[in-house]
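A.B. asks: For this one, chain Z is given, so just place chains V and E on it according to the hints.
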Amino acid sequence: MAGPVISARELSLVFQTADAPVYALSKVNLEVEDGDFVSFIGPSGCGKTTLLRVIADLEQATSGTITVNGMTPQEARLKRAYGYVFQAPALYPWRTVERNVGLPLEIMGLDHAAERIAKNLELVNLKGFEKKYPWQLSGGMQQRVSIARALAFDPKLLLMDEPFGALDEIVRDKLNQQLLELWGRTKKTVVFVTHSIPEAVFLSSKIVVMSPRPGRIIDVIETNLPRNRTLDIRETPEFLKLAHRVREGLKAGHSYED
Amino acid sequence: MSAAPAIAATPVPREKGNAFPVTVVCLGILLAWYLAAIPMNWVITGPKIEAAGGGLSNILAFSWNDARPVIPAPHQIAQELWKSVFTFAPWMPKSLIYHGWITLSSTLLGFVLGSLLGVVLAIAIVHVTFLAKSLMPWIIASQTIPILAIAPMVIVVLGSIGFTGLVPKSLISMYLCFFPVTIGMVKGLTSPETTQLDLMRTYHASTSQVLWKLRFPSSVPFLFTSLKVAVAIALTGAIVGELPTGAIAGIGARLLQGSYYGQTVQIWAALFMGSFLAAALVWLVGVAERFTLKRMGVKP
Amino acid sequence: MTKSRLTDILYPAVFGIGVLILWQLIVKGFGVPAVLLPAPSDIWNKLIASLPILWVDFIQTVLRAVIPGWIIGSLSGFLAALLCDRIPFLQRGLLPLGNLVAALPIVGVAPILVMWFGFDWPSKAAMVVVMTFFPMLINAVAGLQASGHLERDLMRSYGASWWQTLVKLRLPAAMPFIFNALKINSTLAMIGAIVAEFFGTPIVGMGFRISTEVGRLGLDMVWAEIVVAAITGSAFYGLLVFLERRVTFWHPSYRR
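Protein chains in written order, with my numbering: chain Z, 1 to 258; chain V, 259 to 558; chain E, 559 to 814.
Hint data in this document are derived by calculation from the structure and do not stem from the laboratory.
One thing to keep in mind: the hints can contain errors.
[To be verified] The calculated label-pair distances, taken between Cβ atoms and stated as ranges, are:
1) Glu-122/Z with Leu-457/V: 25 to 33 Å
2) Gly-286/V with Val-725/E: 24 to 32 Å
3) Leu-708/E with Asn-276/V: 24 to 32 Å
4) Pro-760/E with Val-545/V: 29 to 37 Å
5) Thr-465/V with Leu-240/Z: 55 to 63 Å
Quick reminder that beta carbons are idealized off the backbone N, C-alpha and C, glycines included.
This is chain Z alone, in the form it adopts within the complex (with noise of 0.2 Å):
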């Protein structure tokens, strides 16, 4: 398929609010090529998860253009293009962890389901799993689980929004560990939002720094850090370069004032 697979234009979100109107979106341009782990960062009212959900159809710009995969969001969305990614695991409780993730499938209407939730299960490392429920499982699983969810359909796109936000260090080490090799087999391409430098610059190979009032792209960093790397290369100068060309963006952003 040719061409970016999300293309946004002058993209602006503004809404009144009883004070003043709020430009959470201001004439935002970005590309976002096949293949790639685009990370958008910044501090709260940035735009990154409003960024994320125009981009889904959870919300709708109010100027500007965006295409995914060369057709508007909306009809993306009913075409089935990405899976999507919560804070929380967003799981049903009352179906276990296969029909969780079976649910894509159902409502789509795909078969050949059984091998589908086998499959997904397995990429995130969770087989044996399949009959427990929700409440059974930790944090970190119930977000594997979510993640697997959002592949079963296999879909080319996938976004993120702060999946492991909610998780400690050493979970999410962890996933973010996994995260990149899944990346590395399936080859899809991934939109995530965080608000964590490290996170950021450990999983992309393209960094979109943000900032708030109005929310805009401050910077666009490409990291070239080799494909199969490891927890490790986070203490790496390279790494660390990158780190603080990040944290100039966020800072030229005005994010670490009040």
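C.D. replies: Quick look at chains V and E alone, frame taken from chain Z:
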């Protein structure tokens, strides 16, 4: 780049009030009522309409103005209400105010006694495990029993030992409304979080200090919710209490009389009076609730 | 069985038996007349002796009025809630009215229903329908809105239709609320049917039996009917609790 660009913004819709939809639904109900009255009253009005020669104006006139209809038209009920409330002196047996007051007085007495009993019982249950374990299962089980059905018996039994009138009816109301108050208060008194209770322990607070400074304030929302339920059920209890012995005074009595003598409009008027009383009582509890919560500094 | 669970069962059982024993002793010991308060032993004897009558009353009240009325009332309340969900305008208009009606002495419509549906069981079933409609409407509307923000966004991301979202997400999420209403309605149904019979009924039915025996001061029979009503009410409620546990096993309130 930071200055505000001139972009048309999507307005966020403000929270709409409910007044308009409620009015529309009420008007719809009124319309449906008037229309339904025509076929429903036909069994009575049919012959009269034929005798008068038929025609639309006759149909409407007879369907909506019969003295003993199957279903009275809303304006007939309004007229009867007006007559019963404003044309008779309030102490006369023909006045709905007289009957309303009879029912209301036993309701209020039962409500006050029942609520006090409920609060006291709840405090006892929360502090004495023995009471909690022996009483609560029975209280919850009793919710599954149609208690209202024993109202007649209470009236008659107390009547035969000489208690008539206000007291037995208010006893029924009291019995009916202490259940929701007890259960609501137990829930409320046990609602403080563990962290809040732990804080009291670090202060070495006594049980009664914890009760008055923490548990009771936390239970106020629960109390008012159950008071609203209790006041409504106390009124129902008072009305049902008037049924079995063929009482001659009170809303329930008017319902019974209307039922015996086929006075449909009288039944509806009494029903509206009872409903108005219930709504007014619940509204009053709501006013007290808003006032109290405001004094306590709760976010409106 | 742990000590706590033992006392959970023992204390209320001992309390209940204690009340019965006390009751029996006071009535027999002080010679309280049976027209005032019959002893538990008298009630038991009367119950055993009157089983055929109690059975006929049970059929008339419970099987012909309570159960059909409860089913129809709860179902129509639920369907109305679905309608309100589809048409938000209707919800904003109907729900405040529903809350108002729930506070009114609905038993007052009993004479009107007797007038419309006749003396026999249809008017009692109608009474039950009226009483069970609004609690189900209010609870079902709350239940349909109980599914979380994230879960609904998830369905949107799948391009799921309204029907799919309803069946796969919102209905299961609404079940705790729906069962809450079904349990409340079981009690209201019993009350509605019995009280409606106070306003006129053919010569059979639990409410009929209570009101006539009260008039004749046959209080042991009244108590016998109350025992039957209590057992029926508790069994009905208990069955719903059992079903609720099976259907909403996933709810946090079941995890200690």
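A.B. asks: Against each hint, give a clear statement of whether it holds in the structure.
C.D. replies: Now the hints, each set against the structure:
1. A hinted range of 25 to 33 Å is violated for the C-beta pair Glu-122/Z and Leu-457/V, which are about 48 Å apart.
2. Range check, Gly-286/V to Val-725/E: about 30 Å between beta-carbon atoms, so the 24 to 32 Å window is met.
3. For the hinted restraint 24 to 32 Å between Leu-708/E and Asn-276/V, the CB-CB distance of approximately 28 Å keeps it satisfied.
4. For the pair Pro-760/E and Val-545/V, the beta carbons lie near 46 Å from each other, so the given range of 29 to 37 Å is not met.
5. The supplied range of 55 to 63 Å is met by Thr-465/V and Leu-240/Z, whose beta-carbon atoms lie about 59 Å from each other.
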